[in-house]
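Asks: Spelled out from the first residue to the last, the chains are:
Protein chains: 2
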Amino acid sequence: MGSNITATQEKKINDFILAIRQVCGKKALSLHEPHFTGNEVNYLKDCIKSNYVSSIGDYVVKFERMLSEYTGAKNVIATINGTAALHLAIYCSGISTNDEILLPSLTFVGTANAIRYAGAIPHFCDVSKKDLNIDFELLDDYLRLNTESHSGFCTNKLTKRRIFGIIPVHLYGQPIHVNKLLRLASKYNLVIVEDAAESLGSFYNSQHTGTAGLAGCLSFNGNKIITTGGGGAILTNNNSFAKKVRHISTTSKVSHPYKLIHDELGYNYRMPNINAAVGCAQLETFEKIKKAKRGLHDRYQTVFESCPWLNLVKEQDYANSNYWLNTVVLNKKETFFYENLLERCKENDIFIRPSWEPLHTLKMFCQFPSSGMENMNSLNERIFNLPSSPFL
Amino acid sequence: MGSNITATQEKKINDFILAIRQVCGKKALSLHEPHFTGNEVNYLKDCIKSNYVSSIGDYVVKFERMLSEYTGAKNVIATINGTAALHLAIYCSGISTNDEILLPSLTFVGTANAIRYAGAIPHFCDVSKKDLNIDFELLDDYLRLNTESHSGFCTNKLTKRRIFGIIPVHLYGQPIHVNKLLRLASKYNLVIVEDAAESLGSFYNSQHTGTAGLAGCLSFNGNKIITTGGGGAILTNNNSFAKKVRHISTTSKVSHPYKLIHDELGYNYRMPNINAAVGCAQLETFEKIKKAKRGLHDRYQTVFESCPWLNLVKEQDYANSNYWLNTVVLNKKETFFYENLLERCKENDIFIRPSWEPLHTLKMFCQFPSSGMENMNSLNERIFNLPSSPFL
Chain A
1 MGSNITATQE KKINDFILAI RQVCGKKALS LHEPHFTGNE VNYLKDCIKS
51 NYVSSIGDYV VKFERMLSEY TGAKNVIATI NGTAALHLAI YCSGISTNDE
101 ILLPSLTFVG TANAIRYAGA IPHFCDVSKK DLNIDFELLD DYLRLNTESH
151 SGFCTNKLTK RRIFGIIPVH LYGQPIHVNK LLRLASKYNL VIVEDAAESL
201 GSFYNSQHTG TAGLAGCLSF NGNKIITTGG GGAILTNNNS FAKKVRHIST
251 TSKVSHPYKL IHDELGYNYR MPNINAAVGC AQLETFEKIK KAKRGLHDRY
301 QTVFESCPWL NLVKEQDYAN SNYWLNTVVL NKKETFFYEN LLERCKENDI
351 FIRPSWEPLH TLKMFCQFPS SGMENMNSLN ERIFNLPSSP FL
Chain B
1 MGSNITATQE KKINDFILAI RQVCGKKALS LHEPHFTGNE VNYLKDCIKS
51 NYVSSIGDYV VKFERMLSEY TGAKNVIATI NGTAALHLAI YCSGISTNDE
101 ILLPSLTFVG TANAIRYAGA IPHFCDVSKK DLNIDFELLD DYLRLNTESH
151 SGFCTNKLTK RRIFGIIPVH LYGQPIHVNK LLRLASKYNL VIVEDAAESL
201 GSFYNSQHTG TAGLAGCLSF NGNKIITTGG GGAILTNNNS FAKKVRHIST
251 TSKVSHPYKL IHDELGYNYR MPNINAAVGC AQLETFEKIK KAKRGLHDRY
301 QTVFESCPWL NLVKEQDYAN SNYWLNTVVL NKKETFFYEN LLERCKENDI
351 FIRPSWEPLH TLKMFCQFPS SGMENMNSLN ERIFNLPSSP FL
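Protein chains in written order, with this note's numbering: chain A, 1 to 392; chain B, 1 to 392.
Hints are not guaranteed to be accurate.
If several chains are the same, the list does not tell them apart, and a pair holds so long as it fits within one copy or across any two.
[Said to hold, decoys possible] Computed list of lysine to any residue pairs in SDA-like fashion (alpha-carbon distance at most 25 Å, straight line):
#  : residue 1 : residue 2
1  : Lys259    : Lys333
2  : Lys49     : Leu138
3  : Lys157    : Asp298
4  : Lys74     : Lys244
5  : Lys187    : Gln9
6  : Lys288    : Asn237
7  : Lys45     : Phe286
8  : Lys187    : Tyr117
9  : Lys130    : Asn156
10 : Lys45     : Gly372
11 : Lys346    : Phe203
12 : Lys49     : Leu158
13 : Lys26     : Phe391
14 : Lys74     : Thr361
15 : Lys363    : Gly152
16 : Lys253    : Lys314
17 : Lys74     : Cys307
18 : Lys45     : Thr285
19 : Lys62     : Ser96
20 : Lys157    : Asn375
21 : Lys259    : Leu145
22 : Lys332    : Leu184
23 : Lys62     : Ile48
24 : Lys160    : Lys314
25 : Lys253    : Phe351
26 : Lys291    : Ser50
Derived by calculation from the structure, the hints in this document are not laboratory data.
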């Protein structure tokens, strides 16, 4: 891969690597590693000693309570991973088979997969060049032209299917503009499930991401700001929805003094106690982790002043970001050395990650509806995530 | 619950409780607790220290290798739970939407759920009074009368749907008669996915359960013979199937030097490293656990000689069982004191568990096809699982 480059480009690459080395030091750099400095081992020992390792256990209850206190969500249901949380939230949202759900084209594939698991159709939207999240102005224009209201529901003029909801993603930890989302959802009667997989610790003003709509979904995968090995959670302020989610996530088992009855199709989606134990310990040190990550971002901001040919994504006025993954966007005219930059970083033991292939172009999704993708197409091959471990 | 009982019945209940107390001692008895006597804590510590807690990690590789060595399966893919393993195995088996899959009516709901997740139709079969597994003679009679062969496929005469496969379950650890299964599957051209969730350590002659067909699925839920908190695994001797399962279970991510591409609908189903770490430690002590459980069964066998009104399920001639859950079947005429027996055991801090409600009667499944259920109906409210923890 890569191609011959000019001396000017060579200098840019060297400046980029130097900037990263100034921030992160000389060691080999991965994208994001967990940071265990608290009670992780103690709590794991306690699980083994108590014999409670599976999905019934005190750490699950405690982890959910801690998340509830931190995010302000009235109900929290811990799940086996973030994809399961999204699937469960969509499944329990009142959706019907073949309803469409709006989502950004720029997100991890799990967002769209979860829609498909629930029998629904992903409908891809363009993103903003500013924060890489759904561009709500563009989406409003698009929906005004391409949908109509039938019996109060938003209907796709072309496919005649109902557009049931929207899954905005707080990409790389950057909060969306929640008020714009709420106005749009209200105008088109859309149910909101937020993909907050990457945004634990990120706030819109003083509101935690994932708490604006029906549900928000977190992830605690190994590469997230805190981890439980594998894990996720649903946040919701809607009590009856929470009750339904709990029921479906525990194989829809009915409460009965002795009979083992299940009353609808259910899933085996609850987080095990040993994973929750790690989560509790991680949450206890969360403020320290977040502070370290915001500090890392500040240092990146300083050093990248020497690289005016790229833009480091920053939190918006209304946002307080967890800066899960520091992200740079190359200027439009720099796209041509994308592969060289990747290659040279790799040679220098610096793992930088390009953004995912836009979901609307993947072969299992390209037949589904999408809005215009001017920004997405323009951004493609210009976005990189930088090493962002909290201990850097 | 319960009703007035006669002095004779009262004596039977007392004999039953006395028998259990003779075997298990005076403590409060749960159904099945894990037994951690090995390297569990050491391996967990090692995970936390190494920062590898998620689904990429040495313990996942080691756990799969250990399972492969123990079961003889050429390929093992560790998953987040047994239901995910079943779903994945069915999903990758070549099945089409609305194909039917045969399964026993007497099993955990996960077996049927997994079929539904894959878009297929459960077709319920009657079980044998001898081992509580699918009765292959009855099933052969049923299929001969109710199916016909079209282009080599077995077709349900009534629904006109293809019967694609069969999921036999090694219930409570008791191995099915594998040769009978193979003959039947060959006769009707059925793909075999074994539900071996409960039968790690159980053999048909010298062949480990779960290795006779396309795939076998294990579970390591907290109540199983060994546990990983939550977890499962797919066993298969088919290399190309294993490759497909690995691909789909890791969100169908394509191998590429830097691009993040997914080429088909995938799942996030891999076991995290911390769960696998517990699994490795558990497997190291497995022979001890299995020996303890077989010893427990022998003691139950001795004491229940005083209760000729029930039958303790024993391994068949061809079987070596892990005796995951010791199981008794009340004689037909004893059904009437089912609730009293449950109630009195509960009062005595003895948890005995009745069998699941037959799946073909649950409201989300009762519209699906089923064979005659003479044995299943006769067995209902007569089956109990006894306390079976390995340390008893």
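Asks: Evaluate each hint against the coordinates.
Replies: The hints, checked one at a time:
| no. | hint | result |
| --- | --- | --- |
| 1 | Lys259 - Lys333 | between (67 Å within a copy, 20 Å between copies) |
| 2 | Lys49 - Leu138 | neither (55 Å within a copy, 47 Å between copies) |
| 3 | Lys157 - Asp298 | neither (46 Å within a copy, 69 Å between copies) |
| 4 | Lys74 - Lys244 | within (15 Å within a copy, 41 Å between copies) |
| 5 | Lys187 - Gln9 | neither (47 Å within a copy, 68 Å between copies) |
| 6 | Lys288 - Asn237 | neither (27 Å within a copy, 48 Å between copies) |
| 7 | Lys45 - Phe286 | both (21 Å within a copy, 20 Å between copies) |
| 8 | Lys187 - Tyr117 | neither (27 Å within a copy, 34 Å between copies) |
| 9 | Lys130 - Asn156 | neither (28 Å within a copy, 57 Å between copies) |
| 10 | Lys45 - Gly372 | neither (53 Å within a copy, 50 Å between copies) |
| 11 | Lys346 - Phe203 | neither (33 Å within a copy, 49 Å between copies) |
| 12 | Lys49 - Leu158 | neither (59 Å within a copy, 54 Å between copies) |
| 13 | Lys26 - Phe391 | within (14 Å within a copy, 52 Å between copies) |
| 14 | Lys74 - Thr361 | neither (38 Å within a copy, 36 Å between copies) |
| 15 | Lys363 - Gly152 | neither (33 Å within a copy, 32 Å between copies) |
| 16 | Lys253 - Lys314 | neither (46 Å within a copy, 29 Å between copies) |
| 17 | Lys74 - Cys307 | neither (44 Å within a copy, 52 Å between copies) |
| 18 | Lys45 - Thr285 | both (18 Å within a copy, 18 Å between copies) |
| 19 | Lys62 - Ser96 | neither (34 Å within a copy, 42 Å between copies) |
| 20 | Lys157 - Asn375 | within (23 Å within a copy, 55 Å between copies) |
| 21 | Lys259 - Leu145 | neither (54 Å within a copy, 34 Å between copies) |
| 22 | Lys332 - Leu184 | neither (30 Å within a copy, 64 Å between copies) |
| 23 | Lys62 - Ile48 | both (17 Å within a copy, 20 Å between copies) |
| 24 | Lys160 - Lys314 | neither (39 Å within a copy, 59 Å between copies) |
| 25 | Lys253 - Phe351 | between (45 Å within a copy, 18 Å between copies) |
| 26 | Lys291 - Ser50 | between (34 Å within a copy, 23 Å between copies) |
The structure shown violates the earlier hints numbered 2, 3, 5, 6, 8, 9, 10, 11, 12, 14, 15, 16, 17, 19, 21, 22, 24.
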